[in-house]
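Peer 1: Working from the sequences, and respecting the hints, build out all of it.
Heads up: the protein sequence lines correspond to chains A and B, in order. No gaps in the numbering here: position 245 of the first sequence is 244 in numbering that gives the first Met the number 0, and each next residue is one more. No gaps in the numbering here: position 27 of the second sequence is 26 in numbering that gives the first Met the number 0, and each next residue is one more.
In case anyone wonders, no lab produced these hints; they're calculated from the structure. Just so it is clear, the structure is predicted and the values come from calculations on it, not from any experiment. Accuracy of the hints is not assured; some may be wrong.
Because identical chains cannot be distinguished in the list, a pair is counted as satisfied if it fits within a single copy or across any two copies.
Calculated cross-link-like contacts (lysine-lysine; reagent style DSS-like; alpha-carbon spacing at most 27 Å) [to be verified]:
1) Lys162 / Lys28
2) Lys193 / Lys28
3) Lys109 / Lys162
4) Lys193 / Lys216
5) Lys153 / Lys346
6) Lys216 / Lys162
7) Lys28 / Lys109
8) Lys156 / Lys111
9) Lys156 / Lys322
10) Lys124 / Lys102
Number of protein chains: 2
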Amino acid sequence: MNSKITWLRNAMTSLNLQGMIISNPVNIKYLTGIDAEGMLLITRKENVYITDGRYIEYAHSILTLFDEIIVYNYTDMSQEDYENFFMFCENVGFEESYVTYAKYKEYMHKFKVNSLVETDNLIEKQRIIKDEEEIKNLKTACEITDNCFSYIIKFIKPGMTEKEIAREIDNFYNENAEGVSFETIVASGENSSKPHAVPTDRKIEEQDIITIDMGCKYNGYCSDMTRTIFVGSVPEDIKKIYDIVLKSQQQALDEMKDGAIIRQIAKNVDTNFRFYNYDLIHALGHGVGMEIHERPYISMNNDTLLKENMVVTDEPGIYIPGKYGVRIEDTVLITKFGCISLTESAKNYIII
Amino acid sequence: MNSKITWLRNAMTSLNLQGMIISNPVNIKYLTGIDAEGMLLITRKENVYITDGRYIEYAHSILTLFDEIIVYNYTDMSQEDYENFFMFCENVGFEESYVTYAKYKEYMHKFKVNSLVETDNLIEKQRIIKDEEEIKNLKTACEITDNCFSYIIKFIKPGMTEKEIAREIDNFYNENAEGVSFETIVASGENSSKPHAVPTDRKIEEQDIITIDMGCKYNGYCSDMTRTIFVGSVPEDIKKIYDIVLKSQQQALDEMKDGAIIRQIAKNVDTNFRFYNYDLIHALGHGVGMEIHERPYISMNNDTLLKENMVVTDEPGIYIPGKYGVRIEDTVLITKFGCISLTESAKNYIII
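Peer 2: Next comes the structure, spelled out in structure tokens:
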């Protein structure tokens, strides 16, 4: 059996689950490699993937004998088949944070399971710790993003619109990766004061500040990086803010390692900001993996610890409403002795 | 109060609901115009939209006094505030097909509601019938798609890859609309045999067949259209299939009107196909609105009737595995006396 399903079966045993229904397609891809629409059942005796005609051939092409997963077409399944899967199971787990209330009731009915129990994001929590292959993919996604950034800072010229720049980034990712991992942000001038700006038709001007937040997918894994760059020169008032953000970002990097308390890292950045009368108005970062935003969330509300082989972002930002904003973000790998930045683009003043 | 919330309040009364929690952002946008992250509460006395700091200003900019919706920042809300919303409510509705099981439990706790009841897709079902403004938006989205198609058939040349063509379509939509309403399909040669093909690096060749399935968003409303076109000439074997698909598509259009039984329309296409030894392997169509796939689903499993001012697609397809496929799709408006195609692109043999 593949190592991830072996892990899941062990985890289920310790939770007294004799069966589990996995519906979240990201979790199914994590466990099986299959990226399609379907349902994975872990039963007492076997592992079963149920899908429709469109994906049967594909599922077989992904799985090996070693996976020990039987593929069924749902049109071939009877009500009796469904009821047999979890016969004599005391507790069957389901993904309560993915499955809708309506689906939950449908499962109860379809599988005739009396005790469908919550699994407290069991698989999502396991996904926090990346294995060697996952780290390789994340590293490559970050490299492609560094390359894209090198390309784009040469491409940007005054007179271009934010949308044109965002489109060029998207095209780069379409050609060199599996496309973007989230909607590219290119926010110039006063637009940079909005943390979640959407690219507009605003044209880049001399003396502008531009925040670019971008990432791609490689082998199903995401990258995430932000740089705030300058056109022509660095205005004195913005320089001050840039320095505070960069210093805080660097400080968090210095603190990120196995065993560090997440809350404390975010708190320290907030304290820094407050010293200069600014606030940390969004989370300091988040996990990155098959999804662009994953656990652990790096914020002052998170009392857990960083652990070896987590991959997280460090992205403090200061935003002056209606004027400008600065955000600097790297994606980093947590190790026993510190963190290794997977993002390698420069963070000094970048003037184009 | 705005007309859509007035409708909802009346519907709630007839379902004996004294309150309702609306979480699906598409439904919230439909009822309020607000396109953000938040929660809409319909309580005995008031309508409340709860969001976070990022969207407060925006929400106020969308709403008018006429809407009678109070906007709150969730950071200003206490546990007591939440408990007060539905005090003395016998039944409070929630969206069981959108809300996860975990959220359902959270709502029970947060609002201290004993009877949180399912609402059987109340709002989604209302969204099936479009009003005048919605129809105008859908019509414009379809017009932009017709224009994009006229543009793209002049753009395509042998030697280009499917990805390049798809990217050009996406760029057209980014410039002339609010981007795509779903991932553009450009499937050439044998790739056209897959109904859900993803654009590849395959280069267009002389004598190719190309299926293009595309749509954009305009004012939040979607368009959806498919054409299968030919490079150089129409091979005799494919011509035969094209004619069967087009004839069936036209027949369904002729049958689509207020009062028509959806199941029967799909069944008739299937019967046509079977006469020639082919199958209708996917649904014949679907509703189109704020979402690209909405109710009603036009399939042999749907026993409901078409109604005036529904907007649906008609998209039969025949696929010969490993060889080629043909699909032709229009988006149409249902009226009392027939349907009006919002898609106007030609459906005769298109040879580039």
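Peer 1: With reference to the structure, classify each hint as holding or not holding.
Peer 2: So, going through the hints one by one against the coordinates:
1. Lys162 / Lys28: The answer is between: 24 Å across copies meets 27 Å, while 33 Å in one copy does not.
2. Lys193 / Lys28: Classified as between: cross-chain Cα gap 22 Å, same-chain 34 Å, threshold 27 Å.
3. Lys109 / Lys162: neither (48 Å within a copy, 41 Å between copies)
4. Lys193 / Lys216: Both ways: Lys193 and Lys216 sit 25 Å apart in one copy and 24 Å across, limit 27 Å.
5. Lys153 / Lys346: within (16 Å within a copy, 45 Å between copies)
6. Lys216 / Lys162: So Lys216 and Lys162 pass the 27 Å test inside a copy (21 Å) and across (16 Å) alike.
7. Lys28 / Lys109: Intra 24 Å, inter 33 Å, cutoff 27 Å: intra-copy only.
8. Lys156 / Lys111: neither (63 Å within a copy, 56 Å between copies)
9. Lys156 / Lys322: So Lys156 and Lys322 pass the 27 Å test inside one copy only (21 Å; across, 47 Å).
10. Lys124 / Lys102: Classified as both; 22 Å inside a copy, 18 Å across copies.
Hints 3 and 8 from the list above are not met by this structure, while the remaining hints are.
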